[in-house]
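Peer 1: Protein chains in written order, with the working numbering: chain D, 146 to 346; chain F, 969 to 1450; chain B, 13 to 364.
Misleading hints may appear alongside valid ones.
[Said to hold, decoys possible] Keeping only pairs whose Cα atoms sit at most 27 angstroms apart, straight-line, the calculated DSS-like set for lysine-lysine is:
no., chain 1, residue 1, chain 2, residue 2
1, D, K319, F, K1071
2, D, K319, F, K1130
3, F, K1005, F, K1071
4, B, K99, D, K319
It is worth saying that the hints were derived from the structure and are not from the lab.
Owing to the predicted nature of the structure, the values given are computational and were not obtained by experimental measurement.
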Amino acid sequence: MTFEQLVFYFLASVAVIAAGLVITVRNPVRAALFLILTFFTVAVIWLLLEAEFLAIVLVLVYVGAVMVLFLFVVMMLDIDTDQLREGFAEYLPIGATVAVIILLQLVIVFSFGPFDLEQMPAPAAAAVDYSNTHQLGLLLYTYYVYPFELAAVLLLLAMVAAIALSLRGRLSAKRQRPDAQVRVRKEDRLRIVKMNAEKQD
Amino acid sequence: MSNIFADIQLATPEIFVFSMACVILLLDKVTHERMPKASFLLTQLTLLVGLYLVTITVPEGGSIKAFNDMFVLDGMAVLSKQVILFLTFVVLIYSYSYITERKMYRGEYFVLILNAVLGMMVMTSASHFLTIYIGLELLSLSLYTLVAMNRDSDLATEAAMKYFVLGALASGLLLYGMSMIYGATGSLDIETIRSAIQGMESDDTMLILGLVFIIVGIGFKLGVVPFHMWIPDIYQGAPTSVVLFLGTAPKVAAFAFIMRLLVDGFQGLAENWSDMLTIIAVLSMATGNILAIIQTNLKRMLAYSTISHMGYFLLGILSANPNGYSASLFYVIVYSFTSLAAFGLIIMMSRAGFEAEEISDYKGLNKRHPWFAFLVALVMFSMAGIPPTVGFFAKLSVIQALIDVEMYWLAVVAILFAVIGAYYYLRIIKTVYFDKPERNEPITARFGMQFVLSANVFALVLIMPWIGVIMDAVSNAISAMG
Amino acid sequence: MPEWILYLLDFLPDWDWLHVLLIALIKVVAIFIPLVVAVAYLPYAERKIIGYMQIRIGPNRVGPRGWLQPIADALKLILKEIIVPTKSNKYLFILAPILAMGPAIAVWSVIPFTDTLVLADINAGLLFVLAVSSIGVYGIIIAGWASNSKYAFLSAMRASAQIVSYELAMGFALVTVLMAAGSLNLREIVLAQSGGLTNWYLWPLFPMFMVYFISGVAETNRAPFDVAEGESEIVAGFHVEYSGMTFAVFFLAEYANMILIATLTSLMFLGGWMSPFGAASDIIILGDGIHWLLLKTSFLLFFFLWFRATFPRYRYDQIMRLGWKVFLPLTIFWIVFMGVMMFLTPWGYLFH
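Model the full assembly from the supplied sequences, consistent with the hints where possible.
Peer 2: Structure representation (structure tokens):
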């Protein structure tokens, strides 16, 4: 077993165990933290494939941003885990069946289809000056430019949709108007009154 | 990498629609107080100009691919886009007064509509799993939001939630199916998949599994039995103006979607999907028509009628030959215009605070407003497929397609359920003409809308002399699919 | 790598990975020790500088002119008891300072001190910096949550929202740098600025330099953006329940992050180890070298302290407004502006 394989199996087992813990631990905050661990190990597995861009972006986007907000929400909400667990035994057979089917399908894909180990050997190690980022950029902005731009449209749409649904017209909250603040001049606020000193008697 | 400018030229309508959506999004911030009508008018202008752009970018013969084979422009794409843009144009005319009266008139409403239109346009000219999926998501995301737009209504919120959850599930299934197909063929490009399938055995486990997932995904999106549970709730709960939209244009897009996936991609598996679609179609015709009978809410009844109509629409596709496809396309176009008129009538009857969605609201309409009563009767005739209307020809053409491929028993079943379905459509006519009116407020509707709606309804009958022209256009579109 | 270290390595068993590991470890230590010393003396500098600004003397009791103050502080903190609050989440409570410190140190692995002195010269260095520093926020969130205290929790909420908001502006500001340099590799970004003062990205990207540096101040929760600590309202914020060494680790992480931001700003905008007089200079001290990087970093660190002595604390909504409504649109505008300038007009050379 080479060093790389050792690292891979270690990371893979951490990822699988952490993923298992995500759905079994009782505390939702801990579940979210285990999910972060899962993302992290998967990112490192990508590094083993010399896909450094994907690895880092996974950490940057999912670990650094998405999960922070997720954790934020989980902490704010008082989630009653017992209530969530109520139908667990009832749905277990269905869930287990689906899981087994998906697993079987994955096995079929990776052992018989065009993706089995013989037709898809490990890629040759890339040259020293190979840049995963550069390659991805080239592909995204040339070959896949149409779906890439469409995906951008989709994100914009999601943003518009979220704002349209959540921004209520009511603006009773007091808010700052920086433009008005900046435009204020001394003359607007201050009145200088000149008067002679009066004699005190 | 071919010349990008040539590619962009082919996608001008899509780019134009999206750019205008952005312009409206920004402009609305400025105009929504001073010129509230600006967003609406600009949207309508966009749709008309888009229609014009689609018409002038017709490819010369056969189909042209662009953007590294991810975009395809052919007869079907052009025709579907034209129909979609025109339908949306009419939809917005009908919904204008509805949304202004219910405080739903916001710039985002039109931005979402335009994005949905963009999604449909992308879907109709997609030749790659990536683009077809993104197009579908563009459409779905806009529709989820539009359904939830009336945020003070519990029913609408519930409908949006159901729609979203089931829609996401359907997308997941579809994606899962696509990934299986990718696993089996090693490609996401529809043409490559097609040729890869020809080199494989047709009972390949991977392929069949992928196909099943994709069919389930399509079934959910289309709302056919047994994946129809969401349709009635959404038709009932969502604002009528939104139902008007999601019940018309997306059905045409769904046709293109099915054609791209099943016919373009899985031609080699036609036997398999034809069987699956047969079961779905029979179940839909049965469930839709029978359950529609017991509904008291008109929108809900029309929802079940949609389910049954989608069953009929599948009949043409499952016959798996070009005649069947053009019959289906014809059917879906006719159905879209008919349901446009039907929901248009509901909108016309309703006003702020009164939705006019119970069947009992229409009792004795003839005494209150004979003209509307007549329009209702015509629409119901067309829905039921009774001869002087175009709905009859639509049903006839799909059944004809079945007989061509010698599926006699299916044709018999389809006719049987059409007869059952006629019952509840005729019941509406009976309610309108022979029941005593329960309400007697005057019906107020803008003249412009009345005019367009009347034209819409009469088109369902008066189009008859030109039916051959439409049939030709439809079959040309299908034969030009490459 | 000095000869004598390689010589020592010869005595070890002949396993390749062991050698790789040991050499890496030695490099890590070589970066870590100076960093810790710098982190220890930065608070001292802060107290002194702010002291002089406020016409005070600052710490002057321990050692000559107070030079041994940091060591005394460290000793005190090490010897103090670590109090774990009742009903707190013990594991997470201990994990939090580690999570805060880890990323603050890990980022240093890709920082190039000179052309050759860099632990890991990776292609996507800039992204690595962004990614790893974005993990730092977990330390704060978890600390706030695990402490089982409302002040700590409030502060964690404030801090995480603030950090996530400013990370966007920071990331976009760095996009302009990578557009100008055409590389994500930090070493190449610095090399692209060679040729003296006028070639630094400070000039063509001046607004982005401002955005980046101010966001950096906000990102490290330093004054005037220190609402997360907010002594006067939420009594020191997320580490209110921490004591002894656990508190010290948070403290160190904050200062390590400050040094990091200052170093990164020097690398991205001030030409890193490049001399302002260009490389052609005859006098060694004026040529390129690590001393320039240290000088620039110290100069920027001085700004951190200066801000603290000068500005009153922002209100929370003002912080959010600045991040989302001023910086973010500005950076996005600048990216578009730069793209247009670089590719559609003849003035693109201004940005290269």
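Peer 1: Would the pair K99/B and K319/D pass a check requiring their Cα atoms to be no farther apart than 27 angstroms?
Peer 2: violated, 38 angstroms
Peer 1: Starting from K319/D, check that the Cα of K1071/F is at most 27 angstroms away, please.
Peer 2: holds, 24 angstroms
Peer 1: Take a quick look at whether K1005/F and K1071/F sit within 27 angstroms of each other, Cα to Cα.
Peer 2: holds, 14 angstroms
Peer 1: What's the verdict on K319/D and K1130/F, does the C-alpha distance respect the 27 angstroms limit or exceed it?
Peer 2: Distance of about 36 angstroms is beyond 27 angstroms: violated.
Going down the numbered hints, you'll see the structure goes against 2, 4, while the others check out.
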